[in-house]
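Engineer: Start from chain C and add chain Y according to the hints.
Number of protein chains: 2
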Amino acid sequence: MRTFKLILQYDGSRYRGWQRLPDCDRTIQGRLEQTLTKLLGEPVELSGSGRTDAGVHAMGQAASFRSRTALSASEILQGLRQHLPEDIGVLSVTEMPERFHARLHAVGKVYRYRIWNSEAPCVFERKYVYQLPQPLDLAAMEKAAGFLTGTHDFRSFCAKKSDKKSTVRTVEEIRIERAGEEVRLSFRGNGFLYQMVRILTGTLIEVGLHRRRPEEMPALLEAEDRALAGWTVPAKGLCLMEVLYE
Amino acid sequence: MRTFKLILQYDGSRYRGWQRLPDCDRTIQGRLEQTLTKLLGEPVELSGSGRTDAGVHAMGQAASFRSRTALSASEILQGLRQHLPEDIGVLSVTEMPERFHARLHAVGKVYRYRIWNSEAPCVFERKYVYQLPQPLDLAAMEKAAGFLTGTHDFRSFCAKKSDKKSTVRTVEEIRIERAGEEVRLSFRGNGFLYQMVRILTGTLIEVGLHRRRPEEMPALLEAEDRALAGWTVPAKGLCLMEVLYE
Chain C
1063 MRTFKLILQY
1073 DGSRYRGWQR
1083 LPDCDRTIQG
1093 RLEQTLTKLL
1103 GEPVELSGSG
1113 RTDAGVHAMG
1123 QAASFRSRTA
1133 LSASEILQGL
1143 RQHLPEDIGV
1153 LSVTEMPERF
1163 HARLHAVGKV
1173 YRYRIWNSEA
1183 PCVFERKYVY
1193 QLPQPLDLAA
1203 MEKAAGFLTG
1213 THDFRSFCAK
1223 KSDKKSTVRT
1233 VEEIRIERAG
1243 EEVRLSFRGN
1253 GFLYQMVRIL
1263 TGTLIEVGLH
1273 RRRPEEMPAL
1283 LEAEDRALAG
1293 WTVPAKGLCL
1303 MEVLYE
Chain Y
1063 MRTFKLILQY
1073 DGSRYRGWQR
1083 LPDCDRTIQG
1093 RLEQTLTKLL
1103 GEPVELSGSG
1113 RTDAGVHAMG
1123 QAASFRSRTA
1133 LSASEILQGL
1143 RQHLPEDIGV
1153 LSVTEMPERF
1163 HARLHAVGKV
1173 YRYRIWNSEA
1183 PCVFERKYVY
1193 QLPQPLDLAA
1203 MEKAAGFLTG
1213 THDFRSFCAK
1223 KSDKKSTVRT
1233 VEEIRIERAG
1243 EEVRLSFRGN
1253 GFLYQMVRIL
1263 TGTLIEVGLH
1273 RRRPEEMPAL
1283 LEAEDRALAG
1293 WTVPAKGLCL
1303 MEVLYE
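Just so you know, the sequences run in chain order C and Y.
Each residue of the first sequence is one higher than the one before, starting from 1063 at the first, in my numbering.
Each residue of the second sequence is one higher than the one before, starting from 1063 at the first, in my numbering.
A hint or two may mislead.
DSSO-like cross-link-like pairs, simulated, lysine-lysine; straight-line CA separation at most 27 Å [stated by the list, open to error]: (1) K1298(C) x K1189(Y); (2) K1298(Y) x K1298(C); (3) K1298(Y) x K1205(Y).
Read the hints as simulated data drawn from the structure, not as lab findings.
These numbers were taken from a predicted model, which means no experiment stands behind them.
The following block holds chain C by itself, in its conformation from the complex (with noise of 0.2 Å):
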């Protein structure tokens, strides 16, 4: 058996989301795997580095298979860019060690999330942004920002669906940037529970508009309690940057 990793990239705009759904062709798994199983002419199971939620984009997405094709890496990439849709992108594809697999080696993720903070319309971009006319104060949410990095139980930041066993995760650095009518959040952490990013983008939003106080932070993280935290944002803002391995 050989094992392949690929670096995609989606507009999840009409997807909904990336794991595999049952007669659905809808999601970015499922379109993958038809794919690579026709070009490959057996069935292809692919590991995503983590699914992203309906309407969730991705820069970096990873993920790996496993098959016993003669194929080249650079055949595979080259049938994948033929017969994918225009909205599905082939970054590279790399044949690994066989042991590799792109769910169980990530050892971090980047997200970005996109907010249009203009009272301008967005109107190339509206697809990928957030719109938010409202003034943000930076400083206020750079302040609070420093108190949710580091290693937390995010129990207050999860939406209840999660399975997780533990909560617990490390998020290494949340920069906050504004680029021209953009205010742009990034988190890279060791890993994010489900919708995690945008509750901490929505809770930051609020501190932006003075809502909440950047202070407050601590005992929201220590209260345990999703309800308490703020709002999650919509998906269309959220991108999977890259996915970081050793």
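Structural biologist: Only chain Y this time, still in chain C's reference frame:
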């Protein structure tokens, strides 16, 4: 009567172009006139600086209209932003001297054509670029562009459909630049014939692919024969960037 000037952005993907068509609200002009007429409570006729074809985008289209409205420019701006679809954006509304006319008073235009010049897929900007993986010789394209700049009869670069009497135009500048995976061609001139920018771009691409020599350009202009120039590149890579006024 009062006269207002609009600066507009639009994603042309799902429209049949700028110009109003009978019984069709899939035109930019039609959609804007509909919205203005409702907002101002009187029939409004909107004059664009010029037409854009089906699928062509705008970052800075200009248009004007006359009205007896008592609303301020800023109230019109807010009203339009509330009621227009998300693929048409209004950047500004300004009250002008009564005789101002967006087409008659325009002295120039800037268009940009975007080529995604890479084997890697372009997932997120796919509706705004023309994907061409073959390498382009930019130096040759720049040389050819030099021959095309200036005041010429551009009949060879005009689709037959044009009913313009004179086909003489001045192209003040053709700028060609690489930005990452992209090659961008910017055209500034006093006016452009029907499909002229797309035929100029197609011809310059043929030079970039070494299918034509830059030195053929003067003869091409002199021939005044559309059949001798290059192909018409797809609309989706084209964007009207700015309309120039005195």
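Engineer: All the hints need checking, so say for each whether the structure fits it.
Structural biologist: Results for each hint:
Pair hint K1298(C) plus K1189(Y) holds up; C-alpha atoms about 17 Å apart against a cutoff of 27 Å. Distance check on the hinted pair: K1298(Y) and K1298(C) sit about 23 Å apart at the alpha-carbon level, within 27 Å; holds. A threshold of 27 Å between alpha carbons decides the hint, and for K1298(Y) with K1205(Y) the separation of about 25 Å falls inside it, so the pair holds.
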